[in-house]
Amino acid sequence: MAEYKAPLREMNFLLHEVFEADKLWARLPALAETADRETADAILEEMAKLAANTLDPINRSGDEEGCHWSDGVVTTPKGFPEAYATYCEGGWGALVGNPEYGGMGMPKTLGAQVEEMICAANISFALYPVLTNGACLAIDAHATEELKQKYLPKMYEGSWAGAMDLTEPHAGTDLGIIRTKAEPQEDGSYSITGSKIFITGGEHDLSENIIHLVLAKLPDAPKGPKGISLFLVPKIIVNEDGSLGERNAVSCGSIEHKMGIKASATCAMNFDGAKGWLVGEVNKGLAAMFTMMNYERLGVGIQGLGASERSYQSAIEYARDRVQSRSPSGAKQPEKAADPILVHPDVRRMLLTQKALIGGGRALSTYVAKWLDIAKFGEGEEKKHAEAMVALLTPVAKAFFTDKGLECTVLGQQVFGGHGYIREWGQEQLVRDVRITQIYEGTNGIQALDLIGRKTVANGGAFFDLFAADVQAFIDANADNEALAEFIGPLTTELQRLKDVTAAVIEASKTDPNAPGAASVEYLHLFGYVAYAFMWAKVASVAGPQAETEDFYRSQVKTARFFFARLLPQATALANSVLAGSETLMDLEEELF
Numbered sequence: 001m002a003e004y005k006a007p008l009r010e011m012n013f014l015l016h017e018v019f020e021a022d023k024l025w026a027r028l029p030a031l032a033e034t035a036d037r038e039t040a041d042a043i044l045e046e047m048a049k050l051a052a053n054t055l056d057p058i059n060r061s062g063d064e065e066g067c068h069w070s071d072g073v074v075t076t077p078k079g080f081p082e083a084y085a086t087y088c089e090g091g092w093g094a095l096v097g098n099p100e101y102g103g104m105g106m107p108k109t110l111g112a113q114v115e116e117m118i119c120a121a122n123i124s125f126a127l128y129p130v131l132t133n134g135a136c137l138a139i140d141a142h143a144t145e146e147l148k149q150k151y152l153p154k155m156y157e158g159s160w161a162g163a164m165d166l167t168e169p170h171a172g173t174d175l176g177i178i179r180t181k182a183e184p185q186e187d188g189s190y191s192i193t194g195s196k197i198f199i200t201g202g203e204h205d206l207s208e209n210i211i212h213l214v215l216a217k218l219p220d221a222p223k224g225p226k227g228i229s230l231f232l233v234p235k236i237i238v239n240e241d242g243s244l245g246e247r248n249a250v251s252c253g254s255i256e257h258k259m260g261i262k263a264s265a266t267c268a269m270n271f272d273g274a275k276g277w278l279v280g281e282v283n284k285g286l287a288a289m290f291t292m293m294n295y296e297r298l299g300v301g302i303q304g305l306g307a308s309e310r311s312y313q314s315a316i317e318y319a320r321d322r323v324q325s326r327s328p329s330g331a332k333q334p335e336k337a338a339d340p341i342l343v344h345p346d347v348r349r350m351l352l353t354q355k356a357l358i359g360g361g362r363a364l365s366t367y368v369a370k371w372l373d374i375a376k377f378g379e380g381e382e383k384k385h386a387e388a389m390v391a392l393l394t395p396v397a398k399a400f401f402t403d404k405g406l407e408c409t410v411l412g413q414q415v416f417g418g419h420g421y422i423r424e425w426g427q428e429q430l431v432r433d434v435r436i437t438q439i440y441e442g443t444n445g446i447q448a449l450d451l452i453g454r455k456t457v458a459n460g461g462a463f464f465d466l467f468a469a470d471v472q473a474f475i476d477a478n479a480d481n482e483a484l485a486e487f488i489g490p491l492t493t494e495l496q497r498l499k500d501v502t503a504a505v506i507e508a509s510k511t512d513p514n515a516p517g518a519a520s521v522e523y524l525h526l527f528g529y530v531a532y533a534f535m536w537a538k539v540a541s542v543a544g545p546q547a548e549t550e551d552f553y554r555s556q557v558k559t560a561r562f563f564f565a566r567l568l569p570q571a572t573a574l575a576n577s578v579l580a581g582s583e584t585l586m587d588l589e590e591e592l593f
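So the sequence shown is residues 1 to 593, counted in UniProt numbering.
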């Protein structure tokens with residue numbers, strides 16, 4: 001398998017030329033003194049080295065060895081503790097953390113690029129620091145000052161890790177029926193009792209402490225999701241002076257044996273009267289947890305993007321080296337027995353599909369990250385606008401990136417033919433690893449229902465209108481740009497199609513309770529293709545004027561053309577599926593399935 005090389009040129013192009021992130025950072029007071037182009041470039045270059053030299057080399061070996069469990073102790077694969085120590089020594093855990101507690105305070109627009117590199121090099125490894133980052137976000141946003149001072153510095157430092165404990169054996173998506181209990185204690189703490197499953201990084205040997213954020217219910221809590229509270233439960237109790245004390249009543253009962261991400265410890269956790277502290281307000285735990293999950297869901301989407309990039313890099317190298325048959329238009333390398341398979345139209349279709357989906361996804365992840373930065377660091381109406389955009393776009397980023405992530409890794413595997421099915425070439429691992437991204441942090445079906453239900457139908461399309469207005473503003477600004485007409489025309493058509501479909505689903509939902517669910521997945525995919533078209537049009541608007549002077553820009557424009565010609569037409573079929581309604585979906589009696 002090809003050695004991973006971070007796509008720094010593409011990342012810098014998006015950050016500095018397409019989205020002009022440094023201008024955004026300069027006008028947000030919290031970022032003006034910490035983030036600039038020079039700093040961003042240096043950070044990306046250093047992570048590129050870490051990803052290529054430290055994380056990528058232990059990806060396959062980590063998959064083959066996996067994690068080990070013995071009597072409650074979890075051991076990560078060979079090389080993981082050393083890689084984690086290197087990661088922490090570089091200060092990477094503090095990158096987007098709050099400077100008041102030892103973080104670097106960097107923007108998400110930069111953090112998203114860093115996350116992609118880590119995920120592309122080694123998804124299993126990435127999950128450990130990503131969960132810690134998410135836990136830090138929730139603590140920083142909702143915990144008391146005492147808890148922040150006590151836990152955040154060590155978590156940013158990496159000597160303490162974080163975990164998110166939501167799911168129970170009987171309660172996955174429906175968290176309202178969780179059974180884990182929290183009983184108030186005289187000292188202000190709580191006694192936490194219950195069991196959680198599928199807990200990423202719930203136990204491991206990478207850090208000296210693990211800080212669990214646990215959803216539980218007080219004895220007098222209301223039924224359903226309105227009765228859930230969030231608690232901070234350390235693996236090892238932290239003394240008043242910050243030193244580690246006795247072991248808390250938290251244990252790992254087992255680890256899961258999974259299809260992929262085998263070097264990531266997925267744990268069953270038991271809380272037997274464990275000592276914990278309330279984070280946020282009583283019975284408002286889900287709101288506190290969603291602070292973390294909005295970032296995590298973009299992060300999961302980026303996992304799909306990273307796996308796609310890794311697969312593409314190997315597939316294009318293989319397609320250039322592997323010789324098989326002659327080009328339909330005549331021999332390209334007559335001195336050889338056959339031509340490289342890159343000459344064949346179907347191989348080019350697969351590779352260009354990967355390239356177009358990756359480019360569109362990377363642009364959209366940067367776009368979403370920009371709104372996350374404004375939502376976090378902005379003020380007033382701009383902040384409210386950004387929060388609405390984040391709410392709308394988060395399920396799209398999580399689900400569309402990961403659905404396309406599986407598609408891209410399968411295409412990369414297919415380029416290899418039979419060799420793609422063999423372990424040594426690495427493509428089959430990427431297919432297995434990326435598959436979970438469509439499932440955890442809320443399945444993609446749930447993301448689709450969230451998009452059309454809570455984020456669109458519930459507010460009459462108010463959030464959607466903000467996105468549509470942003471696309472329309474770009475269209476209007478380029479209405480007289482003849483060089484961009486090949487992109488602006490189709491984008492205008494597809495935006496109107498998305499508007500019409502959105503309005504139709506909102507209207508149908510007034511009389512048909514099944515309408516949102518019936519439309520959800522196809523609607524999310526339709527939204528995703530239109531969003532990618534918007535991104536590729538933005539990319540072409542910047543790259544087009546320079547396409548004759550540099551190969552990189554010419555590649556961007558030609559990939560944009562491929563997306564508009566060969567992939568965007570899928571929007572028509574998706575729209576037709578949505579408009580077909582729920583009747584045929586719900587008409588078949590249960591006994592006839």
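Some clues are possibly wrong.
Only pairs whose alpha carbons sit at most 16 Å apart, straight line, appear in this in silico EDC-like list of lysine to aspartate or glutamate [said to hold, decoys possible]:
no., residue 1, residue 2
1, K78, E100
2, K49, E3
3, K558, E486
4, K181, D241
5, K384, E486
Estimated spans, in silico, between C-beta atoms of each pair [stated by the list, open to error]:
no., residue 1, residue 2, range
6, K332, E17, 27 to 35 Å
7, I439, N459, 25 to 33 Å
8, N239, A32, 32 to 40 Å
9, T144, A479, 46 to 54 Å
10, M586, D174, 17 to 25 Å
Derived by calculation from the structure, the hints in this document are not laboratory data.
Beta carbons are placed, not taken as given, at the ideal position from N, Cα and C, and that holds for glycine.
Each hint, compared with the structure:
no. : hint                       : in the structure
1   : K78 with E100              : 35 Å, violated
2   : K49 with E3                : 12 Å, holds
3   : K558 with E486             : 12 Å, holds
4   : K181 with D241             : 29 Å, violated
5   : K384 with E486             : 34 Å, violated
6   : K332 with E17: 27 to 35 Å  : 33 Å, holds
7   : I439 with N459: 25 to 33 Å : 28 Å, holds
8   : N239 with A32: 32 to 40 Å  : 38 Å, holds
9   : T144 with A479: 46 to 54 Å : 53 Å, holds
10  : M586 with D174: 17 to 25 Å : 21 Å, holds
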